[in-house]
Amino acid sequence: MSNEISDKGYFGIFGGQFVPETLMSALQQLDREFTAAWNDPEFHAEFERCLREIAGRPSELYFCKRLTEECGGAKIYLKREDMNHTGAHKINNTLGQALLTKRMGKTRVIAETGAGQHGVATATAAAVFGLECEVFMGTEDIRRQALNVFRMKLLGAKVVPVESGQRTLKDATNEAMRNWMSTSENTHYILGSVCGPHPFPLMVREFQTCIGIEARQQMLDVAGKLPNVVVACVGGGSNAAGIFAPMIDDKDVQMVGVEAGGRSMNLGDHAAPLTVGSHGVLHGSLSYVLQDGDGQTAEVHSVSAGLDYPGVGPEHAMWKETNRVRYTSCSDEEAMDALIKLSRTEGIIPALESSHAVSEALKIAPTLPKDQIVLINLSGRGDKDCNEIQEILARRK
Amino acid sequence: MKDNRIINAFAELKSAGKKTLLPFFTAGYPDVETTGGILHDIEKRGVKICELGIPFSDPIADGPTIQASYSAALDAGVTLQKLFDMVRSYRAEGGQLGLLMMVSYSIVFRYGAEKFCIAAADAGVDGLIVPDLPMGEAEAFAPLAEASGLCNVMLIAPTTPEDRKVEIAKQSTGFVYYISVSGITGERTKLPPETVAAVAELKTHTDTPVCVGFGISNPETVVEVCKAADGAIVGSAFIHRINDAVAANAPREEIVANVGQLVSELIAPLA
Ligand SMILES: Cc1ncc(COP(=O)(O)O)c(C=O)c1O
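Chains A and B, in that order, give the protein sequences. Taking this note's numbering, the leading residue of the first sequence gets 1, the next gets one more, and so forth. Taking this note's numbering, the leading residue of the second sequence gets 398, the next gets one more, and so forth.
Just chain A, same shape as in the assembly:
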């Protein structure tokens, strides 16, 4: 299988466990417990019940009739992860990890968050299972995502402001890892994407594959065939891995991952490590990263807080090098245009993150014949972004 992982937690040459010794026993415990849980039919049954009753799965597959007509090419479908409870795909992963937390007998969870979607999804799962919850968030993101900060607090979570570095997702991740070093005995770290040390990239992918497993079957049911192209945005890479992995062996399905092109492709102006970065180690795994020549992590920028991250999951690095997935980027402006277009043609306001995937699909669809299919993973809804969108539109005038 193309998405198998080595015993040591490597995808090809990427992955690993580059963490302080203090975290090793927690990671080894997690590896053991996840493997046992994932081989346990009872755990699967409970996870599936949670996905159904709490997340509201399966999410719909939606045909974009008007958008397809406007583009004048391939049929455009959306996998509606925006319809999940809490508004994004993140809930799939947090429900899985919260169940695992209970199974490990731990009583507290921590998480990092950028857009606040993963924080809200973690706070939600923590409330459902009666777990204490602390979410680390950069103060720049707290500013950009005030609504989600309020939601987390309403759900009973403590939001810990992070003042170090650029005060965004990378810095929140550092702080969560530091906190975990001294709390792992009673605390599980619910990492929000397919990043970090083994077993996180594998585990988070597995919890997100419900997206691709459903979408694959829904395409067969609705269209009688698989999509020609699947498009997903890539921050850490979890929604993309979730939809790609179950179709990775369907060789005729092309896959495109869309990173944040930001203001320009100069270092510091974007968050596109797979598009222009190089091999490097960040947050416990070897993958593609944005760094300077000395290995210092570069500054990043994206209009979408959820993509504003200098690293990416190691499995994506492998898919890039085996040419299984094509990675590209779209600019802040292009993402905004796509957001407006989808809102006006289909009545769906996508998250700024997901708008990057929409933008790329709008470039691809017109180049393909009408009998072909482009499937977009619409990872989340745009409600959380409305303040930010308002400000941007005001500036455009």
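Please note that a few of the clues may not be correct.
[As the list claims (entries may be wrong)] Mimicking DSSO-like on lysine-lysine, the simulated pairs with C-alpha atoms at most 30 Å apart in a straight line are:
1. A:Lys65 - A:Lys341
2. A:Lys65 - A:Lys251
3. B:Lys587 - A:Lys158
4. B:Lys567 - A:Lys8
5. A:Lys370 - A:Lys341
6. A:Lys102 - A:Lys8
7. A:Lys8 - B:Lys624
8. B:Lys411 - B:Lys624
9. B:Lys441 - B:Lys479
10. B:Lys600 - B:Lys567
11. A:Lys153 - A:Lys102
12. A:Lys320 - B:Lys512
[As the list claims (entries may be wrong)] Counterexamples of contact, computed for chain A against chain B with all Cβ distances above 10 Å:
13. Lys8
14. Gly12
15. His44
16. Leu99
17. Arg326
18. Gln372
[Stated by the list, open to error] Here are a few chain A residues that face chain B, going by a calculated C-beta distance under 10 Å:
19. Ala26
20. Ala45
21. Met265
22. Leu267
23. Asp269
These are computed hints drawn from the structure, not numbers from a lab. Quick caveat: nothing in here was measured; it's all calculated off a predicted structure. From the three backbone atoms N, C-alpha and C, an ideal C-beta is built for every residue, glycine too.
Got chain A sorted already, so can you dock chain B with the ligand onto it with the hints?
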């Protein structure tokens, strides 16, 4: 690795029946010249081995004090090349301390692991501590360090299972770094009560010296850990001294002297 300053220093300490203080400084904070001055000064005060923290943008194991000093050094334009040059100058001026670089694998990997070891050894470094390269990931790296004549000092945490502790001690060269607390670097007034016993237990399994770090900041805790350990590692307390002097706009000689004074206080009970 016959002529390694770290290994030699521990051999001499052992035959003299002595324990030692291993100070940690952020290399290039507040500037490269001050770090160079500190190295010469503390050598006169009886220090044998010193750790230089290589500033990194995302140090996971470090508390706020060291993080802030890393950021300040990077903002002031410190680069790896400048730090290698500083060590080279220190050696050219006759400096004989055993020098370790504590450096993230992010930096080592980017430079090229083999190239990094060669460059560090060539500059006059004696050993490396790569805190995010745990046993399991260090297998390929250890021979590269050894080939350049560098010690590869590995870390043990209180959370490390017993059999793994012994295996790490076996693989570590120069000494073993025993982390006293499950958490980040930073000053604490007291050590966890189990530290000394855990170090004593570890020493029954290894002949490699064991040094204890994280949270040690006063002469009492230095004496306490050295009941079992071969050395006490102190970091954040020195960075605090430097911060205070920097905040007061003290000239370089004064920063060096303030740091030196704390070194003398901490090393005195071990004389
Ligand atoms: C709606 C949405 N999509 C995508 C992402 C990016 O994460 P990933 O690449 O892991 O899917 C986020 C992150 O916050 C998000 O909220």
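Here's how the hints hold up against the structure:
Between Lys65 of chain A and Lys341 of chain A the alpha-carbon distance is near 13 Å, which keeps this suggested pair within the 30 Å criterion. Restraint check for Lys65 of chain A and Lys251 of chain A: the C-alpha separation of about 27 Å stays at or below 30 Å, so the hint holds. Taking the CA atoms of Lys587 of chain B and Lys158 of chain A, the gap is near 29 Å; set against the 30 Å cutoff, the hint holds. Between the alpha carbons of Lys567 of chain B and Lys8 of chain A the distance comes to roughly 21 Å, so the proposed pair stays at or under 30 Å and holds.
Our distance criterion of 30 Å between C-alpha atoms is met by Lys370 of chain A and Lys341 of chain A, whose separation comes to about 20 Å. Restraint check for Lys102 of chain A and Lys8 of chain A: satisfied, since their Cα atoms lie roughly 26 Å apart, inside the 30 Å limit. With a CA separation close to 38 Å, the supplied pair Lys8 of chain A and Lys624 of chain B exceeds the 30 Å bound. Restraint check: the Cα-Cα separation between Lys411 of chain B and Lys624 of chain B comes to about 14 Å, which is no more than 30 Å; the hinted pair holds.
For the given pair, Lys441 of chain B sits about 24 Å from Lys479 of chain B by alpha-carbon distance, which is consistent with the 30 Å threshold. At most 30 Å may separate the alpha-carbon atoms for a hinted pair to count; Lys600 of chain B and Lys567 of chain B meet this at roughly 11 Å. The suggested pairing of Lys153 of chain A with Lys102 of chain A holds, with an alpha-carbon distance near 22 Å, which does not exceed 30 Å. Only pairs whose Cα atoms come within 30 Å are accepted, and Lys320 of chain A paired with Lys512 of chain B is accepted, the gap being roughly 27 Å.
The Cβ of Lys8 of chain A sits about 7 Å from the closest Cβ of chain B, inside the 10 Å cut-off, so the non-interface label is violated. The claim that Gly12 of chain A lies off the interface holds: its Cβ sits roughly 16 Å from the closest Cβ of chain B, which is beyond the 10 Å cut-off. With a minimum CB-CB distance of about 29 Å to chain B, His44 of chain A clears the 10 Å threshold, and the non-interface call stands. Taking the minimum C-beta to C-beta distance to chain B, about 24 Å, the non-interface status of Leu99 of chain A holds against the 10 Å cut.
In this structure Arg326 of chain A is separated from chain B by more than 10 Å, as the shortest Cβ-Cβ distance comes to about 26 Å. No Cβ of chain B comes within 10 Å of the Cβ of Gln372 of chain A; the nearest lies about 42 Å off, and the non-interface call holds. A cut of 10 Å between beta carbons decides the hint on Ala26 of chain A: the least distance to chain B is about 7 Å, and the hint holds. Residue-level restraint check for Ala45 of chain A is violated (minimum Cβ-Cβ distance to chain B is 33 Å; threshold 10 Å).
For Met265 of chain A, the interface hint is violated, since its Cβ never comes within 10 Å of a Cβ in chain B; the closest pair sits about 21 Å apart. Violation of the interface hint for Leu267 of chain A is found here, the shortest Cβ-Cβ separation to chain B being roughly 13 Å, above the 10 Å cut-off. Among the interface hints, the one on Asp269 of chain A is violated; its C-beta lies about 18 Å from the nearest C-beta in chain B, farther than the 10 Å criterion.
Violated hints, in rising order: 7, 13, 20, 21, 22 and 23; the structure is consistent with all others.
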